[in-house]
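*Asks:* Residue numbers (the working numbering), protein chains in the order written: chain G, 1 to 430; chain A, 1001 to 1262.
Please note that the accuracy of each hint is not assured.
[As the list claims (entries may be wrong)] Selected chain G positions facing chain A (Cβ under 7 Å, derived; list incomplete): (1) 4; (2) 13; (3) 159; (4) 161.
[Unchecked claim] Label-pair distances were calculated between CB atoms; the ranges are: (5) A:1160 / G:31: 54 to 64 Å; (6) G:31 / A:1049: 22 to 32 Å; (7) G:54 / A:1251: 19 to 29 Å; (8) A:1038 / G:209: 18 to 28 Å; (9) A:1051 / G:392: 25 to 35 Å; (10) A:1134 / G:209: 23 to 33 Å.
[What the hints assert, rightly or not] From the derived model, a few chain G residues whose C-beta atoms are all more than 10 Å from chain A: (11) 62; (12) 68; (13) 89; (14) 109; (15) 113; (16) 127; (17) 143; (18) 158; (19) 192; (20) 249; (21) 361; (22) 387.
I should point out that these hints are in silico values taken from the structure, not numbers from a laboratory. Note that the coordinates shown come from a computational prediction; the quantities given were computed from them, not determined experimentally. Virtual Cβ for every residue (Gly too), placed ideally from N, Cα, C.
Each chain, letter by letter, is given below.
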Amino acid sequence: MKNTKTIKVDYLARVEGEGALFIKIKDNELQDCKLKIFEPPRFFEAFLQGRHFTEAPDITARICGICPIAYIMSSIHAMERILGIEVGGQLRELRRLIYCGEWIESHVLHVFMLHAPDFLGYQDAIQLAGDKPELVKMALRLKKAGNELVRLLGGREIHPINNKVGGFYKVPEKQDFAPLLEELKWAKDASIEAVKVANSLECPDFDQDYEFIALHHPDEYPFNEGRLISNTGLDIDIQDYEDHFEEIHVEHSNALHSIHIEHGNYFVGPLARYNLNYNQLSELTKQVAVDIGYDRIVTNPFQSIVVRSLETVYAIDEAIRIIENYEKPEKPAVDYDIKPGIGWGCTEAPRGILYHRYEIDEKGTIKTAKIVPPTAQNQSRIEEDLSNFIPKYMDLSDEDLTWKCEQAVRNYDPCISCATHFLKLDIERE
Amino acid sequence: MSNTKPKLAVWKFASCDGCQLSLLDCEDELLAVAEAVQIAYFPEATREVVEGPYDVSFVEGSVTTPHDEERIKEIREMSGIVITLGACATSGGIQALRNFADVNEFTNIVYAHPEYISTLDTSHPISDYINVDFELRGCPIDKYQLLEVVISLLAGKRPAIPTHSVCMDCKLKLNTCVLVAGNEPCLGPVTQAGCGALCPSYNRGCYGCFGPQDSANTDSMTEVWRHLGVSDDTILQTFRGFNGFIEPFKGASERLEEHKNH
């Protein structure tokens, strides 16, 4: 079949985890496009059954080394809903603070180490550092500030150990934040520079009609709490998530595709959060957004790199606010009695909403667990992006088309380790 | 090793990506490392692929699929030195909990079409398939231990990684003992150091991220915990954690299971 063409990327780089892309083109028409997730299954939902509910944060953290706080916090909130406890005041603020740290380290890692090289034509950030050492050094220092924040509150950057159901094992003294606060003040200015750099990158013209879904809270940009809303009128409590979304198991993926029932695929992550929660951003972040003309709905996924940078400004600004107002709480955690029930947790991982549901018995043993990670929710939407994107760039060489497709996938900062429960690229032309 | 830069490859098996991320988390040292070694294969960080053979391969993750059983052997063949990174690669990881259960049941719980899933019944450490030159412990690994490994490779020496217990680090930090003074079940006495006695420093018991220490007396640990009033079920689950499939943690949990069934 001389008109059939297959281009292969067996292992998509600069994403977290193992995935591939299969694209088949016949007579210059796109025939098939599949995002394959071959990251081996690890069966977290199965082996959580029979474990004690207090173990869920530490165990589910191990789903992802890049966003453990998201797993820790979604599971903790689900358990607290079962137990009927609310964690407020400074403990609630500290939970926002550690989430700020995770957004900073994860966003800066993606913007500069994983995504920017695509826009600038480098294979990786190390190559980029050869030409622009100061930029990469700035990015590394920014990333480190986020990691330092997670380390200070959580004990270590990856799989932190200090969060628990009810609060924390140990809370810091006010003066513990002093050196970090100085670094965050540097980071605030650096992150505004980073927004300008991201905004200077050339993006393909590719505005799409999306259903954006994110948490929404009237008083704050969402990390841990809020209702699930969309730009198409969805507005639900997280406990109703499974009435509105279903997971479909498709053959080419070890991750389950999520679908908004009667609506189809949808978009979670920075673009969704930003478009649905612009008013909740800090004054500084809005000013930076206005300065670059981003006080608007953003529907070009390639511009997610700018939005991710704006969210980094927000996370740093919010972290400074929390630290400056911090007063050490009397107790590191609130007390509770174990009781059986079902609970739901949904928090905003750097890549988008992460849903957990648990059922526990009277002894606190987990009977069932369900986890829906952000990349699984985006997977179907990524495939549609590619289906819309490839026909516009059919004239590119296989090599250039492959790279552009990879870049389009990386718009979503996919985390395949999370989704498996991802990328090899085959382009087949006929 | 020759005068040219050593070629480094980073491979991933079943894992969370956290251990290889530790290399990117060396923010102050990353560019220096990239100058000292040739990063020849590291898909999490670069789309460039330099063909093997490789001087050094870092392997993250455990073997859980028929395809990976073959892949790890190919990696051994094209690598001078193989170093495993972290609990998954060294002990099978948290996903080795399936080794104590029926994997078909697990697949049915998670997936609507189990027939689409290709997986082994078990999750095994890399050393169950190939000779491994050095194993770096931890869930996750400690980035400074990783740097020690890189520096040692460049210097041609064996990495100086301590093998004493978490307990000893705790004493050095002058922590109050969470087990003796706080009645907290703590795996510190039987777990290898590497985290800096992190959990006890945060007023909680160690849960064994760095795996068993050389001369761990797990049965004695069980008795101490029983004495504290900890239930056998809880002790069993604690040994059966992120390093649950490596001896002597494995044996300790199996003996508790036998005891329960008699």
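*Asks:* So, for every hint listed, does it hold in this structure?
*Replies:* Tested hints:
1. 4: 25 Å, violated
2. 13: Hint on residue 13 of chain G: holds, closest Cβ of chain A at ~4 Å, below 7 Å.
3. 159: 6 Å, holds
4. 161: It holds, given that the least Cβ distance between residue 161 of chain G and chain A is near 5 Å, below 7 Å.
5. A:1160 / G:31: 54 to 64 Å: 57 Å, holds
6. G:31 / A:1049: 22 to 32 Å: 27 Å, holds
7. G:54 / A:1251: 19 to 29 Å: At roughly 25 Å between Cβ atoms, residue 1251 of chain A and residue 54 of chain G fall inside 19 to 29 Å, so the hint holds.
8. A:1038 / G:209: 18 to 28 Å: Given a distance of about 45 Å, which is not inside 18 to 28 Å, the answer is violated.
9. A:1051 / G:392: 25 to 35 Å: 33 Å, holds
10. A:1134 / G:209: 23 to 33 Å: 53 Å, violated
11. 62: Per Cβ check, residue 62 of chain G is inside 10 Å of chain A; nearest 5 Å; violated.
12. 68: Since the minimum Cβ distance to chain A is about 8 Å, residue 68 of chain G lies within 10 Å and the statement is violated.
13. 89: 20 Å, holds
14. 109: 7 Å, violated
15. 113: 6 Å, violated
16. 127: Check fails; 8 Å does not lie beyond 10 Å.
17. 143: 6 Å, violated
18. 158: The claim is violated: residue 158 of chain G sits with its nearest Cβ about 4 Å from chain A, within 10 Å.
19. 192: The assertion about residue 192 of chain G holds, with a minimum of 20 Å to chain A.
20. 249: Residue 249 of chain G not clear of chain A: closest Cβ-Cβ about 4 Å, inside 10 Å.
21. 361: Nearest chain A Cβ is 13 Å from residue 361 of chain G, so the label holds.
22. 387: 22 Å, holds
Checked against the numbered hints above, the structure violates hints 1, 8, 10, 11, 12, 14, 15, 16, 17, 18 and 20; every other hint is satisfied.
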